[in-house]
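J.: Using the sequences and the hints given, assemble the complete structure.
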Amino acid sequence: PTAPGGSASAQLAGGWTGTTSQGRPISILVNSSGIPLLMVSTSVTGTTCTSSITTFITREPPDVPLAVSSGAFSTSSSGSAGTLSMSGTLTTAGTATGTINVVNTQCNGTLNATWTASKAGGPEVALSGTWNGTFASSLVSRTSGTLVLSQNGANVTGTYTLPNGARGNLTGTVSGRTMTFTLSQTTVGCTGTFAGHGVLMPSPELLVYFYTGSDCLGSHTQGNGSASR
Numbered sequence: 659p660t661a662p663g664g665s666a667s668a669q670l671a672g673g674w675t676g677t678t679s680q681g682r683p684i685s686i687l688v689n690s691s692g693i694p695l696l697m698v699s700t701s702v703t704g705t706t707c708t709s710s711i712t713t714f715i716t717r718e719p720p721d722v723p724l725a726v727s728s729g730a731f732s733t734s735s736s737g738s739a740g741t742l743s744m745s746g747t748l749t750t751a752g753t754a755t756g757t758i759n760v761v762n763t764q765c766n767g768t769l770n771a772t773w774t775a776s777k778a779g780g781p782e783v784a785l786s787g788t789w790n791g792t793f794a795s796s797l798v799s800r801t802s803g804t805l806v807l808s809q810n811g812a813n814v815t816g817t818y819t820l821p822n823g824a825r826g827n828l829t830g831t832v833s834g835r836t837m838t839f840t841l842s843q844t845t846v847g848c849t850g851t852f853a854g855h856g857v858l859m860p861s862p863e864l865l866v867y868f869y870t871g872s873d874c875l876g877s878h879t880q881g882n883g884s885a886s887r
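End of the sequence shown = 887 in my numbering, gap-free, step of one.
Treat each hint with caution, since some may be false.
Label-pair distances were calculated between CB atoms; the ranges are [what the hints assert, rightly or not]:
id : residue 1 : residue 2 : range
1  : V846      : T763      : 44 to 52 Å
2  : S877      : T819      : 21 to 29 Å
3  : T750      : G811      : 22 to 30 Å
4  : L875      : G787      : 27 to 35 Å
Quick caveat, the hints were computed from the structure, so don't treat them as lab data. Everything numeric in this text was worked out from a predicted model, so none of it was measured. A virtual CB, placed ideally from N, CA and C, is assigned to each residue, including glycine.
T.: See below:
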């Protein structure tokens, strides 16, 4: 079912975790507007090589989330390695199924796979700890940063600091392996607010996140980062 206006049903909202028919991980985050973040891992064996790629399909402002209509969605992504097309159906019973097609131009191969997922009943990961990594946006070249997080159930709080002295606070919620968060920048002379979504990748563990917002530099778009602990 969908809510009026085509938005995703509240019964579908939350994190969804599953695997492809290759046994590779998939995570989907659904909110009241649709799907702001989707992660899927694939491997394609072609005539010249084997390519393993993790694809992130993210819809942060000004982009709108992927539409979910009667539980169904479809999307595609392209890059230097080729294209990925994915579709599926989420049910109010908490199960999901779909298909994946990959055309890999680097290895001259294709993949046709299926996937299944289940809606999370709560957080499936623990994010407490110190995370070190890098981030960038449309206004900031890639630079290092540190997140110190504390998790209590589905709720996450913490701080972030940069080598140049910039800092701020984080609040968020975790569902499945995904997180929705807000950053409040407290840097003297350059306060700001940012919001975004993230997913914790397994084996090796990596927190990958995407965000938008504004501060004294202006409006940041295409924000992204990753960190490990």
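J.: So, for every hint listed, does it hold in this structure?
T.: So, going through the hints one by one against the coordinates:
Here the CB-CB span from V846 to T763 is close to 49 Å, well matched to the stated 44 to 52 Å. One distance hint, 21 to 29 Å for the beta-carbon pair S877 and T819, holds here, with the actual separation near 23 Å. Roughly 24 Å separates the CB atoms of T750 and G811, a value that falls within the hinted 22 to 30 Å. Here the CB-CB span from L875 to G787 is close to 29 Å, well matched to the stated 27 to 35 Å.
Going through the hint list in order, the structure satisfies each hint without exception.
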